[in-house]
Every structure is written in structure tokens, then in C-alpha cells.
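Trainee: Using the sequences provided together with the hints, build the complete structure.
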Amino acid sequence: MNLPIPKDSTAGLILSAVFGLIFGVLLNKGRVTDYNVIVNLFRLKDFTVVKIMFTAIIVGGLGVFVMKGAGLIGEYQIKAADLLGVALGSAIFGVGMALLGYCPGTGVAAMATGRLHAVVGFFGMIAGGIVYAFSYTWIKANILSIGAMGKVRLSDVTGVPDIAWWVILVAIAAGVFYLLETKFKPSQEKI
Amino acid sequence: MSSTDTTESSNRSSLSLRRKSWNSYAVGTGIGVLSWLVFLIVNKPLGMSTEISKFSGWVAGIFMGQEAILQNSYWASKTPGFGYSTVFLIFTAVGAFISAKMSGDLSTEKVPPLWEKYQGTGVAKRMVAAFAGGALLLFGARMAGGCTSGHGISGTLQLGLSSWLFFPVMLISGIITARVIFRKQVN
Chain A
160 MNLPIPKDST AGLILSAVFG LIFGVLLNKG RVTDYNVIVN LFRLKDFTVV
210 KIMFTAIIVG GLGVFVMKGA GLIGEYQIKA ADLLGVALGS AIFGVGMALL
260 GYCPGTGVAA MATGRLHAVV GFFGMIAGGI VYAFSYTWIK ANILSIGAMG
310 KVRLSDVTGV PDIAWWVILV AIAAGVFYLL ETKFKPSQEK I
Chain B
2 MSSTDTTESS NRSSLSLRRK SWNSYAVGTG IGVLSWLVFL IVNKPLGMST
52 EISKFSGWVA GIFMGQEAIL QNSYWASKTP GFGYSTVFLI FTAVGAFISA
102 KMSGDLSTEK VPPLWEKYQG TGVAKRMVAA FAGGALLLFG ARMAGGCTSG
152 HGISGTLQLG LSSWLFFPVM LISGIITARV IFRKQVN
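The listed protein sequences correspond, in order, to chains A and B.
So for the first sequence, my numbering puts the first residue at 160; every next one is plus one.
So for the second sequence, my numbering puts the first residue at 2; every next one is plus one.
Just so you know, the hints here were simulated from the structure itself, not pulled from any lab data.
All C-beta atoms, glycine included, are put in the ideal place defined by N, C-alpha and C.
One or more hints might be untrue.
Derived DSS-like pairs (lysine-lysine); straight-line CA-CA distance at most 25 Å [said to hold, decoys possible]:
#  : chain 1 : residue 1 : chain 2 : residue 2
1  : B       : K79       : A       : K166
2  : A       : K204      : B       : K185
3  : A       : K299      : A       : K166
4  : A       : K310      : A       : K227
5  : A       : K166      : B       : K45
6  : B       : K118      : A       : K204
7  : B       : K185      : B       : K111
8  : B       : K111      : A       : K204
9  : B       : K185      : B       : K126
10 : A       : K299      : A       : K310
11 : A       : K227      : A       : K166
12 : A       : K310      : B       : K79
13 : A       : K299      : B       : K185
14 : B       : K185      : B       : K118
15 : B       : K111      : B       : K126
16 : A       : K227      : B       : K126
17 : A       : K204      : A       : K342
18 : B       : K126      : B       : K79
19 : B       : K45       : A       : K310
A few chain A residues that face chain B, going by a derived Cβ cut-off under 7 Å, partial list only [claimed, not checked]:
#  : residue
20 : L185
21 : L258
22 : T296
Every beta carbon over 10 Å from chain A, so not counted as near; a handful from chain B, in silico [as the list claims (entries may be wrong)]:
#  : residue
23 : S14
24 : G66
25 : E68
26 : G121
27 : T122
Mentor: See below:
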């Protein structure tokens, strides 16, 4: 079998269903489809999101790094570092995530578990998508153009090679996980 | 909730679909391994917000006509349509539904108890906040170039600069917002 297979082929679509199914199960079992878990991240009372995401980044990133090194996968597919756009967009995103209590992926998953406010949140996402599309020309000219560094990676801007970044990140993750499991156990009282 | 959850499922395997929750590190590892597979097999990083914005283009097209949508500078490059990511989005929902169904986690929650404690029982107020939150989420995600999936997982694990900027800014912004929302209990 030649990899990668075309994603919009029949096999690609079937695999997509399998991947989506797994992702949805993992989000629900990880409790990140739970309003409290997301909101309590921002209230610094529940670090489930940090544990899941940091683990996913380390496991996923090391695997991708090794596969890239072995020539199994092609170029990295990263997003442009339009610094002002990313900073402003992330800040707006954070407000939205604290208000809704979900992010886009967990919102879709929470909607499927019946949460009616997540359904309304999804309608809001559609509205936000429409507003963005109609503001795009202006945003592109006035915001995305500022600090546009292109699709750069940490190693490109720092000169520190990937392998060193992974050593640093694994060390940070180990430290963070240790602190979360020992010294900094949030109280069970989450409300 | 967590204490009853453990007793209820103590005699089941720790990764049973009937359990309400799995170990966070196991879930994170699962998402990490899923990332290997998507890079290796289809070379398409996990993401969600691009597909939702395409879907919003399709919705806008119902009212404005699909022709008009393609004239839009954003949707011209992210053309609404059915494809790999559409299937992924739908089956993420299906997976979450099956998981919740099997563990008894389905609920038609309108106002979460935690919100209620600080913002009151009003359904309309909660729904307005949820709608506004959703709108800001997708607007912000598109401006930033990704969401918690595309930036938070797929971008960070490739050591992309933009994604490592997204993460801390989103976190700080959320913390500040939560301080405002959960400042004072209503009663």
C-alpha cells in the first residue's frame, strides 16, 4: 500500500470515519466534553485538559518526529505564524471557550451527548464562521499582514534543533505531571 | 461525581466503554497515537475549526445561493463541500454519542450547575452566552489559523511557532474571562 492514501478516496473517507469515531470516544472518556472540566481549567481547579493535551503533544510529537526522520511522512503541515492574527485570534478564542465551556471539537462532541447549550454554541460557531468569512478581506489586509513570519517552526526561529526541543518539552511535561499528581492536587470541591 | 464513578465501575476494565471516564494520560496517549496514524496514512493533521467554517459557508449558501458563497474571498479558498474532514467531524460526534450512551452520560443539559451557581438559573441568559461563546470561538480560531485541535494538538506536536503562541494566549485569555464569569455567586 502506498502511503499516504488520498484522503478524499473511498478508503480515505472510511478511515476518516474510524479516526473520527476514535477521537469522539477519547474526547468523551477524557471528560473534556464536560462543561465543568473545561471551565475549571480556566479556574485553575481541574487540570484534566493539561494532562490530556500535553500527553498527546509528547506522544504524538515524538512519534511524528521519528517518522519524519525515517522518511515515512512528508513535509510538516504547520500554520502560518501571522503573529498579530494568532495572538488576537487566540485571545478571542479563549474568551469564547470560557463562555461556552467547550472548544470546537469538544463542542461538537458535547452536542452529540445531548447538551442543549452545546447545540446553541454550535449555532454560534456557524455564525462566527460566517462573520469571519465576510470580514476576511479586511482582516487579511490589516491584521494577518502584521508580523507575518510564514510557516515557521520553533527550530527555525531559535536555531535550537528539534531533538533539543523534545528533550526540553519532555522534561517540562515530566515536571508538570509530577507537580499535578503530587504537590498540586486540586480539591474535589469543583464548584 | 468522580467518587461514585469509581465505585460504579470498579469491577470493570479500566478502558471499558461503560466507564464515564478514562485515565487522562491514557486518553492523551490515544490522541497522540491517533496523530501518528493520521500523519502516516492520510497525511492530514487532526483539526476541527476549518471544517466548521466550511459548514458555515454551506449554511450561508442556503440563504445567499452557493454561487455567491464562492465569490467570498475566504470560502473561495476553503470551499464548502463534503469530504474527509466532514466525515471526521460527523464521526467525532458519533463516537462521543456512542461513548456517552454506553456510560450513561447522555444529558439534555441546558444550564450547567456551575454556571447556575454564578450566573443564575436563566435559560435564555445561558443560551445567549453559549451562542456568543461559540461565535467568538470560531471567529478567533479562524483568525488564529486553528483551534484546540489544529493548533493545540496538531500544530504544537509539529513544533509550529504559531501553535506555541496560540496555547498560552488562549489559556491566559480564558483564565481572565473565567475570573469575570465566576467572580460572585448569585446566592
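Trainee: Decide, hint by hint, whether the structure agrees.
Mentor: Hint check results:
| no. | hint | result |
| --- | --- | --- |
| 1 | K79(B) <-> K166(A) | holds, 16 Å |
| 2 | K204(A) <-> K185(B) | holds, 16 Å |
| 3 | K299(A) <-> K166(A) | violated, 29 Å |
| 4 | K310(A) <-> K227(A) | holds, 17 Å |
| 5 | K166(A) <-> K45(B) | holds, 8 Å |
| 6 | K118(B) <-> K204(A) | holds, 16 Å |
| 7 | K185(B) <-> K111(B) | holds, 21 Å |
| 8 | K111(B) <-> K204(A) | holds, 23 Å |
| 9 | K185(B) <-> K126(B) | holds, 16 Å |
| 10 | K299(A) <-> K310(A) | holds, 16 Å |
| 11 | K227(A) <-> K166(A) | holds, 19 Å |
| 12 | K310(A) <-> K79(B) | holds, 18 Å |
| 13 | K299(A) <-> K185(B) | violated, 39 Å |
| 14 | K185(B) <-> K118(B) | holds, 9 Å |
| 15 | K111(B) <-> K126(B) | holds, 11 Å |
| 16 | K227(A) <-> K126(B) | violated, 49 Å |
| 17 | K204(A) <-> K342(A) | holds, 14 Å |
| 18 | K126(B) <-> K79(B) | violated, 33 Å |
| 19 | K45(B) <-> K310(A) | holds, 16 Å |
| 20 | L185 | holds, 5 Å |
| 21 | L258 | holds, 3 Å |
| 22 | T296 | holds, 5 Å |
| 23 | S14 | holds, 13 Å |
| 24 | G66 | holds, 14 Å |
| 25 | E68 | holds, 15 Å |
| 26 | G121 | holds, 14 Å |
| 27 | T122 | holds, 13 Å |
Checked against the numbered hints listed earlier, the structure breaks hints 3, 13, 16, 18; every other hint is satisfied.
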